[in-house]
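Line by line, the protein sequences give chains A and B.
Sequential numbering of the first sequence, starting at 1, is according to my numbering.
Sequential numbering of the second sequence, starting at 1001, is according to my numbering.
Keep in mind that the hints are not guaranteed to be accurate.
Claimed, not checked - Derived DEER-like restraints, expressed as beta-carbon distance ranges: (1) B:1112 x A:107: 28 to 36 Å; (2) B:1005 x A:343: 31 to 39 Å; (3) A:376 x B:1126: 57 to 65 Å.
Said to hold, decoys possible - Away from chain A, derived, C-beta distances all over 12 Å, residues of chain B: (4) 1029; (5) 1032; (6) 1035; (7) 1113; (8) 1135; (9) 1165; (10) 1168; (11) 1169; (12) 1172; (13) 1201; (14) 1204; (15) 1213; (16) 1269; (17) 1296.
Since the hints were derived computationally from the structure, they do not count as laboratory data.
Glycine residues also receive a C-beta, built at the ideal position from the N, C-alpha and C atoms.
The chain contents come next:
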Amino acid sequence: MLFSSIPFLYYFLPIVLILYSITPKALKNTVLLLVSLVFYAWGEPMYVFLMIATIALGYIFGLLIDRFRGKPLAKVFLFLSATSSLLALAYFKYADFFIENFNRVTGLSVPLFRLALPIGISFYTFQILSYTVDVYRGTVNVQKNPVNLATYVALFPQLIAGPIVRYSDIEIQLTSRSHSFDKASDGIRRFIFGLSKKIILANSLGELCDAFHLSADKSVAFFWLFAFCYMLQVYFDFSGYSDMAIGLGKFFGFEFMENFNYPFISSSITEFWRRWHISLGSWFRDYVYIPLGGNRVKRLRLFFNIFVVWFLTGFWHGAEWNFIIWGLYFGILLTIEKFFMSDLFKKHKILSHVYVIFFTAISFVIFSADNLTSALSYAGGMFGLGGIPLASAEWLYYLRSYGVILAVGIVSATPLVKIAVNRLKQIRTAANIINFLEIPVLIGLLILCTAYLADGSFNPFLYFRF
Amino acid sequence: MNNKLKNILSVILFSALLLIVSVICWVKPETAFSESERRPLASKPQLSAESIFSGEFTENFEKYTVDQFPLRDKFRTIKALFTTKVFAKKDNNGLFTADGHLSKIEYPQNQQMLEIAAEKFDFIYQTYLKDKNTNIYLSVVPDKNYFLSFDNGYLSIDYKKFIADFKQLVPYMIYIDITKLLSLDDYYKTDSHWKQESITDIAEFLADKMGAAFNGEYTEVTASDKFYGVYAGQSALPVKPDTLKSLTNEVLDSCIVTYYDTGLPKSGEMYNMEKAGGKDPYEMFLSGTSPLITIENPNIRTNKELILFRDSFGSSIAPLLAQGYKKITVVDIRYVQSTFLGNLIEFDNQDVLFLYSTTLLNNSTALR
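For reference, chain B alone in the conformation it holds in the complex (with noise of 0.2 Å):
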């Protein structure tokens, strides 16, 4: 090709990407949500002159204009590609792929997040939970990197230093260890959770740590065979999809199941199918994002209570610990404020576990 002839194509070439994908930019219709990264998408903004001298528009259009940029997800997939395979970078955006698995790194630790954290449980034991005849006991749930970091050469929390210094914030919980009851294995490929089809002997351990003993058999129920967890949109990596899977058996498909979203009671199910085929189909266990759920077991004979305050790990437990309890409360502190705990639970003479991830502890300022 000689160089008049590639000049001319090139300024042509050039030419009509650009106009092709400016007027592709200017006509494609608004997205309001991306599927992949789980999170409302920006929308054109309102032009005024207030926004436009206050600089707000220009700062709200180029959001807009990213977000809605035409093939965005399969940009952002070339992207990572890129950097991974041929920048042979480690991590991109903080996610990486070892072992098969896609996870996040979780570094450094942040005492600071661990104190606010411990502040919140502390209140919680000063105001409820002191002189109630209440046993307290803590777990934490490492995140993935536990397992996958230090083989793998990625930057990742000293797990036993966090754990013995959260432990020393919170004197007044009996720990319980499942750090060596988990493997990678029990974690989705794609997703920061756990399984709940391999965490029976977790479920089981911690009842019977805290006297509620119980050996359930169980039934595997297959939600979703393409689950793509939350790490799968974030890397824009292409994976293979994880399956959902729940557990059933005849105590847990007995147990009466109550939301209080609202405050006022409203019955509902273990599992929630319709979310299993949603944004966030983990959010199939306990519905997900809830601030106060209770599950009654009808049919065992002891008394025994538990409080669990969890984070999202708790969803997919919380159903098999029923069958060691009479009734579980779940409480979840990012949805409601501590303060208000005492207009919906009564606390007296139960067992309270605070059942939270290294993810959650590490990254605490959500919690009310």
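Isolated chain A, as found in the complex (with noise of 0.2 Å):
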């Protein structure tokens, strides 16, 4: 089920609230959990079971490596954990890649197995392989009780796009979180600012990158206004949803991780990760690169690392080489920035900026292909490869038509707004002001986005492949 869908608002979600509030305590993540997997298996059916499997092998092996904790087997328990999670994932999602490239190689006609993705399958594994290495690491207790570990994996908010929320995080808010309408008046908010974002602005950038995929007018200018319309989807798509998930937990009393933070300000990639989905930066970072070595080891040694990491970081978002070519461009870039670039930053400001935007969207356009050929050809059509023109009518026309929400957009992809307003807050009457309008403003954008649903609109569901 989609956050952004009449049934979720108007029919799931109310329904919800009120069983969350009428059961008492002790109940709350029983029926957490219960709504969690109606909400999976709604858009699920079948893979429910896979989840519930998966869950209940991460609950076991967390048993076992505790109850042999200090000994060998806690070893040979935690590597069985990693093991059955990541090969349930690389059934699942990456198999037909390996028996693709294996035809390619061997020009055998190895049958693919055409399996459908089981939608969030790379979230929950990856929290379930994060619980069980810190158990057994000891920094995280082991959880007991089935029911709150479930609750963990499979809580609603955050089970199908992030952000990937880590067990220490909520090992405590499982068991004792508080309630109170500061909190769900912030959960409320957040949650209608994601689902615009989402709605408003993402689905409307996504028809216009929908209109480029078909187009046959194609030009360098429209490549370029394709590659920008993209990376704002994708932005908005995702941190409205992760906006959407933070603000939902805040309802259920949950603080989940800030998953971005305005990321196309940065003046480096290496800040623009730090900014980017911050809960897959940082579980590779604790999870890959540092077991590693990280950043402490012969720069031969640096280098391997760096690649692991932006390997696996590219291939979890795909099953393609798109996907892998993304990710190594990164490490590359960030490779270059790391030992040849870090005081012409310091130096240039604007070039700076210049310099990531125009990576992050050559980047962009690399990862909304199909695969690695359409990529290639992507990407150098935004420098005129293949002789297709400079302009095209086309490109005039989805330019004069998208211009405003192109401009809202990059507007709202910066922190401008958010300081205003809290520059503004710091008088006192305009604090009151602002407190006052925020209710209708709340009220008027989920008016907004309830019509663009109603309307039957584009509403694409990005996460599907990841």
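Grab the two chains, each in its own frame, and use the hints to assemble them into the complex.
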């Protein structure tokens, strides 16, 4: 079920809020777990059993790791836990990719599995992995209550598109969390802003991106327009979803980690990745990069560590070569920055921002493609390769038609509005007016989002391949 | 307002809004048909283990909740106004307003669709018309974008190229160019079609080119002064209605109109006034969708007959053409298989006019 849908907003959510409110504290997690399973089964009626099995394995291995703590068997169970989780991910997400490449290299025709990708498998697999690793490391206590562990993994606000919540972050909240009007109100604000980012901005920009894909009148200018719109679409889609998840979490007393922090204002790619999909970046840092030795190793080994992390980051996003290239592209940029360019960014602020936008725009064009061939063709199109014209009638039309949306998107992708509101709030009268206006603005946005949904407007789901 | 009070109010209002809308969603009676969009709405899907596990139930339930959402048309209007007025988007779901007209972007030219249409026409030519002493004509009705797109900066097909390409595909037809006689005012503001009262010159020109000249004088009859055309409902924008008029005179009044909706003849009216107040008022002309209609003119000396292959644009011009012919057979191959026509029509020594709009030729999958 999508957050940005009528069934979620006006059928599922009201029932869940009522059930949760009237349930005694001791049973709140049970209710959350049950509604989360319904939420997941709504879109994946069969794969819900796969998720339950994966959680059960995580629970059992957690107990076994704890039971044999300090003994070699603990390591064996950690290995088994990681292997079982990753095998499931490999089977459902990557099997066909491996077979296709095997066939390509050997000339054989091993049939593909053609399995539908279970929604959210990359997210919940990583959550279970982090749990068993943390239990092994002793940084969290083993969870003996299966309902609590299952609630942590399956909790519907963050289940299908993150943030990748660490067990360590909500270990205490699972058994002891507070509910208040302040928290719930904060959650509502966050949820509606996230919903608006997704429905009003991301989906509108997505229409242009779809028109670009279908266009037979592509030009260099149209490629760049697409690149900017697509990177904003992904940002508003993904960060909007994270906002909704964080907001919904607050309804139920949880505090999830932030996942985005205005990445497009970054002045280096290194900073960009500190601000973009923070929960994934920190996951790879803590569970891959640091265990490999991090940066306290010899230079050659450091290159290797960076290569592994960015190869995996790309591969996590999808089972296609263009995602791997996308990950390695960032790995190369980060390596160059680390060793050669750190002073440059300090001296040339504007240039550094242009540099970030330029290279991230290219990266998103690679990311948007269905495969490596079209990724290379798209990236080439941005520089006029393939004999395409500089501009075209379609480009001009879509620029005119989406100019305002694009401008609103660009401003919304920066903290300008937030800074302005915070400054105004320091003036008492202005703060009162802002407080007074907040509720009508939120209700207005909710009505507008509902209007888009009732119109049956374009509403894609970008996370299916993650 | 202090923060505490704002937060309490915010939670109460948001919860109340969700709950009230939710209750209305659950108890609201189903609506079977959307008058504005002219389409049936999704109904509540049947719940079964099979439909749940196949994903069919959830998919249909989502369509149902969108289609049956309370005040849906109002919400669609909010979205359309926000998109076009605040976001200044040039079109909303492909529909746009320019020069006081609503229209729909018809872009790009779909060569494959032109070829499909040409194949259907070629089948008719090869099977029924070749060596039958028939004169075969083609005329193409440009959609409104022909007049609107360029000046208003909308994407549009290259009409000259479009017609030239299609003419090349049907070299056995004599092309009659009516584009120069048309202007934007000849079309309804809220609908895709042309107005019957504005196309008398087109009818006379076509008849003249086919050797069946006539000069008609008409009385205008207003069928509806609140005609909201197909684009009015689709766009969801607040617009002023058109006036729907029909033309009549003594010759037209005396014509005998026979419908063959079921294959069997059934006499009827040239203008169906019941339909003028129905879901699609334009269907008043020759009762709208019908596979085969004959119009016989008993008060004419000539024995000339016309077979008119047409889309909906033909509905309003066919009555006018009846003045130049003893009999017109109006055929719509969207509703009858071309292979079946030999059982219904005797093709021999007639004028044959293929009169189609650019919209249909560019989306020709409906032709059978």
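Hints and how they fare:
Checked against the given bound of 28 to 36 Å, the beta carbons of residue 1112 of chain B and residue 107 of chain A, roughly 35 Å apart, stay inside it. The supplied range of 31 to 39 Å is broken by residue 1005 of chain B and residue 343 of chain A, whose beta-carbon atoms lie about 52 Å from each other. The hinted range of 57 to 65 Å is not satisfied by residue 376 of chain A and residue 1126 of chain B, whose Cβ atoms lie roughly 47 Å apart. The Cβ of residue 1029 of chain B sits about 17 Å from the closest Cβ of chain A, beyond the 12 Å cut-off, so the non-interface label holds.
Under the 12 Å C-beta cut-off, the non-interface status given to residue 1032 of chain B relative to chain A holds; the minimum distance is some 17 Å. At the 12 Å boundary, the C-beta of residue 1035 of chain B stays outside the reach of chain A, the nearest C-beta of that chain being 16 Å off. Interface exclusion of residue 1113 of chain B from chain A stands, the closest Cβ pair being 14 Å apart, more than 12 Å. With a minimum CB-CB distance of about 37 Å to chain A, residue 1135 of chain B clears the 12 Å threshold, and the non-interface call stands.
At the 12 Å boundary, the C-beta of residue 1165 of chain B stays outside the reach of chain A, the nearest C-beta of that chain being 15 Å off. The Cβ of residue 1168 of chain B sits about 20 Å from the closest Cβ of chain A, beyond the 12 Å cut-off, so the non-interface label holds. Every Cβ of chain A is farther than 12 Å from the Cβ of residue 1169 of chain B; the closest lies at roughly 20 Å, confirming the non-interface assignment. Every Cβ of chain A is farther than 12 Å from the Cβ of residue 1172 of chain B; the closest lies at roughly 30 Å, confirming the non-interface assignment.
Residue placement check: residue 1201 of chain B keeps its beta carbon more than 12 Å from all beta carbons of chain A (closest about 33 Å). With a closest Cβ-Cβ approach of about 37 Å to chain A, residue 1204 of chain B is found to remain outside the 12 Å limit, as its non-interface label requires. The claim that residue 1213 of chain B lies off the interface holds: its Cβ sits roughly 42 Å from the closest Cβ of chain A, which is beyond the 12 Å cut-off. Distance to chain A confirms residue 1269 of chain B as a non-interface residue, since its nearest Cβ pair spans about 37 Å, more than 12 Å.
Residue placement check: residue 1296 of chain B keeps its beta carbon more than 12 Å from all beta carbons of chain A (closest about 46 Å).
Comparing the model with each numbered hint stated earlier shows that hints 2 and 3 do not hold.
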